[in-house]
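Chemist: Spelled out from the first residue to the last, the chains are:
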Amino acid sequence: MSDIGSDGVLAGVKELTPVQKTLAHGLVFLILFGGWEFGARAGYVNELIMPAPTSIAYRLYEMFFVTGSIYWHYIITMYEATMGFIIGVSIGMGLAITAAISPVFRRYWAPYAVVFNVTPGIAVTPFIIAWFGFGWSSKIALAALVCFFPPFINTLTGLLNIDKDATELFRSLGSTKKQYFQKCQIPSALPIIIAGLKLAMTGALIGTIVAQFFSASEGVGILMQRFAFRLNMDGSFAALIVMSLMGLSLFTLMEYMDYKVLYWRRHSRMEEVGAKRKRKWMKEMGDMSQA
Amino acid sequence: MSNDQEASVSNIELNSQYTGTLGGAVIRHTLIFFVIMFIWEMANRTGFSNPLLLPRPTDIVASIWKIYVTQGNVWYHLWVTFQEAMLGCLVGTVIGIALAVAAVLSDTFRQFLKPYIIIVEATPRIAVGPIFVTWFGFGMSSKVALAALVCFFAPFVNTITGLLGVQEESYELFRSLGANRRQVFWRLMIPTALPTMNAGLKLAVGSAFGGALVAEFISAQAGMGILMARYTMSLNMPSAFAGLLSITLYGFLLFRTMEVIDRRVLYWLDDDLMAKKSAKRAIKFRQELGL
Amino acid sequence: MAEDIVISGSGLGKQFNETVIAVEDANFTIPRGSFISLVGPSGCGKSTLLRLISGLIEKSGGDLLVRNAEVEGPRSDIGMMFQKAVLLDWRTSIENVLLPDEIRGTVDQDAKKRAWDHLQLVGLKDFEFSFPRQLSGGMQQRVALARLLQTGADIMLLDEPFGALDEFTRERLNDELLRIVEGPDITTIFVTHNIQEAIYLADQVFVMTPRPGRIAAQIKIDLPTPRHIDMLTTPEFNKYVQEVRDVLAGHLDGQPL
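Chains as they are written, first to last, in my numbering: chain W, 1 to 291; chain Z, 1 to 291; chain G, 1 to 257.
Treat each hint with caution, since some may be false.
BS3-like cross-link-like pairs, simulated, lysine-lysine; straight-line CA separation at most 25 Å [unchecked claim]:
1) W:K21 to Z:K280
2) G:K125 to G:K113
3) W:K178 to W:K283
4) G:K84 to G:K125
5) W:K260 to W:K276
6) W:K276 to G:K239
7) G:K112 to W:K278
8) G:K112 to G:K125
9) W:K283 to W:K260
10) W:K280 to G:K239
11) G:K84 to W:K164
12) W:K183 to G:K113
13) G:K220 to G:K239
14) W:K178 to W:K164
15) W:K260 to Z:K66
16) W:K283 to G:K113
17) W:K178 to G:K125
18) W:K183 to G:K112
19) W:K280 to G:K112
20) G:K84 to W:K280
21) W:K276 to G:K113
22) G:K112 to W:K283
23) G:K84 to W:K183
24) W:K260 to W:K278
25) W:K283 to G:K125
26) W:K183 to W:K164
27) W:K276 to G:K220
28) W:K21 to W:K164
29) G:K239 to W:K278
30) W:K260 to W:K280
FYI, nobody ran anything at the bench for these hints, they're computed from the structure.
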């Protein structure tokens, strides 16, 4: 980053060691939350609106370790989101792959893709509830709907926009369509497909929660809404934090998947995978240095 | 913080590579559309499909007429939702851009902001809906607030990416010309970032609508979201569908309008507009010099 | 001495649409084991001619015979190399070299050993398990060359393979290329816009001029082999350079490039 963007006063901050950086972050955190706590306790901020961090923390503790009430809601929500994700992604990628392979199919479905893109999936919520009822299937359905689009559009674009030269290479080697699909199209498209999956993960969680807001009896979303409507703000914030945790765990999962699958984008991973393949080769072929 | 989704629907839109001539495509699809409508209608009349799930096309058309003309109640709700979404979008975009600019201009700020951004990114922001409704009441402000929160992210991330995408050589050029920080910002960084920022704005508008609708689902007295919810709850499916179609149509129009504005502002990305601008400027220049 | 003609074209032409005649009336015979350079400015049709021979595009008119058979599509005795190495980023060097065998379904111990040897031949010892992004441009082209050798093709078509590299790397790779393809078995056609490179490498230089693309001259290069970098400054070499320039200048009078 050029020095034109630097902050003159604290320019030295960049040079801190990782330990010092963590401490600095910790300090900022303490200041923010300390101020919040103080404001709440001292009556500057209405506790009904913005409860003190400590009461939120206590409520969290209660939910997890005392009553254990949160686990069931957590599991239900994760279940709904995961099922919705699986369904939405399967349909999305399946349609995309079909459209990529068959120009005829593509011709007929492309315009509908445009139309669907423009409707916010959320708008269909009342219909989903009306069709699927109040149980968990409506949550799964909405999650699937919301998270269908990114994998679809990303997989399709990824499979269709292959480097022309790579395509020509495969043609010049006399490859079949299937070989081209497996060895060229899919790996080339992987980065953008995975980006789509990441979006789908967030989408599935959002779909589940919105459906829960609309009507549900179980789940972290409805739990949070109930707390809020009864003015139990600590509980509400606590539930929000639980949802944050869900999101963060999904996020970490996604990053891990990205790290493992897209090894050719990171030097450290390339070294790892290269060394692994070398070992495998040497074992299979014997020591080649005698050649 | 990354915006990996490079795919856009326009890649698979109605361009000749995929659908043949435009005229042919339109005719073909209109025909298919009418065939589907006919089958749908017949299925309903003969009792094959449940009108509670999928109402007859003729009923839908009748409802459209009703809500638009005879009762005319849809106009008010459309206006409400539109306001909520647009205001929310404005607020969210402004805050998003402001934070992004601050993050780019000050390394320190960016360092400290990062962990909080990651947490906010991982949390499904829609989940804050009930809390906002409790805070801001059942009126419009809670919808605007949620819309703002939901749509703040895309402009934020995109503005950062755009501003950071300025090449080192460009900075060097400006430095060598003795430009001050303000000039570098307005004459180099912002124009370079505009395309990406624009993309973020488009995403924001879409999300803002979603946010407004969700807030309405949670609790509202007016707006398209609550309108559709009421219709579905009272099993008035034709009217509910009419509402959904309205939203889809306006979403589409909005999308198109944004694309047009997009192209005019970013004239240097379009060959025709560039030619026109260049001609206009040539004329102006000659006038000034009296040539 | 009866020469074994491996590729011949007569009246060969390629037209892309009503206005673009990429290649017009190309007549040539290429003996087995020879090295032909196709040289000319951008847009003269040299890449198109190469692709016609390789079977990647169809001719519009005329005849084109490879080993006395009409060219109908890519064939296993013809191999190509492009200006971009076109390596698959997610495969190690040796896996990239094995791609032709994978596609043909002939991957066995033998093939793997050959792939290894080819990588040694192009000078990439210790880089067999590196990924393309870990390699420099020159090294990537070496992998591409090894892959080409792996196809077992004895007709090699190279489309400006070293054009994107710096001069020093290019000179080294030129020498290595000559070393690898020397002998009566491999027939090579090398496309370039660099006149010196064209003359340095070849037995014969086909000079092509644009709009429409034609082979304006076929110049036999009578320089001693193996070629050496010092030859570039000899008067004989420069005579050839001048000859090629004259051909080009004669046909390009007044036309902007």
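Chemist: Evaluate each hint against the coordinates.
Modeler: Hint by hint, here is what the structure shows:
1. W:K21 to Z:K280: Violated. W:K21 to Z:K280 sits at ~54 Å, over the 25 Å cutoff.
2. G:K125 to G:K113: This hinted pair holds, its Cα atoms lying about 14 Å apart.
3. W:K178 to W:K283: violated (30 Å)
4. G:K84 to G:K125: holds (22 Å)
5. W:K260 to W:K276: holds (14 Å)
6. W:K276 to G:K239: violated (54 Å)
7. G:K112 to W:K278: holds (13 Å)
8. G:K112 to G:K125: Holds - the C-alpha atoms of G:K125 and G:K112 are around 15 Å apart, at most 25 Å.
9. W:K283 to W:K260: holds (24 Å)
10. W:K280 to G:K239: violated (55 Å)
11. G:K84 to W:K164: holds (11 Å)
12. W:K183 to G:K113: With a Cα-Cα distance of about 22 Å, the restraint between W:K183 and G:K113 holds, given a limit of 25 Å.
13. G:K220 to G:K239: Holds, because 12 Å separates the two Cα atoms, which is no more than 25 Å.
14. W:K178 to W:K164: holds (17 Å)
15. W:K260 to Z:K66: violated (56 Å)
16. W:K283 to G:K113: holds (14 Å)
17. W:K178 to G:K125: Violated, because 33 Å separates the two Cα atoms, which is more than 25 Å.
18. W:K183 to G:K112: holds (18 Å)
19. W:K280 to G:K112: holds (13 Å)
20. G:K84 to W:K280: Cα-Cα ~29 Å, so violated.
21. W:K276 to G:K113: Cα-Cα ~19 Å, so holds.
22. G:K112 to W:K283: holds (13 Å)
23. G:K84 to W:K183: Holds, because 19 Å separates the two Cα atoms, which is no more than 25 Å.
24. W:K260 to W:K278: holds (18 Å)
25. W:K283 to G:K125: holds (18 Å)
26. W:K183 to W:K164: holds (15 Å)
27. W:K276 to G:K220: Between W:K276 and G:K220 the Cα gap is close to 51 Å, so the pair fails against 25 Å, i.e. violated.
28. W:K21 to W:K164: With Cα atoms ~46 Å apart, W:K21 and W:K164 exceed 25 Å; violated.
29. G:K239 to W:K278: violated (50 Å)
30. W:K260 to W:K280: This hinted pair holds, its Cα atoms lying about 19 Å apart.
Hint compliance for this structure: hints 1, 3, 6, 10, 15, 17, 20, 27, 28, 29 are broken, all remaining hints hold.
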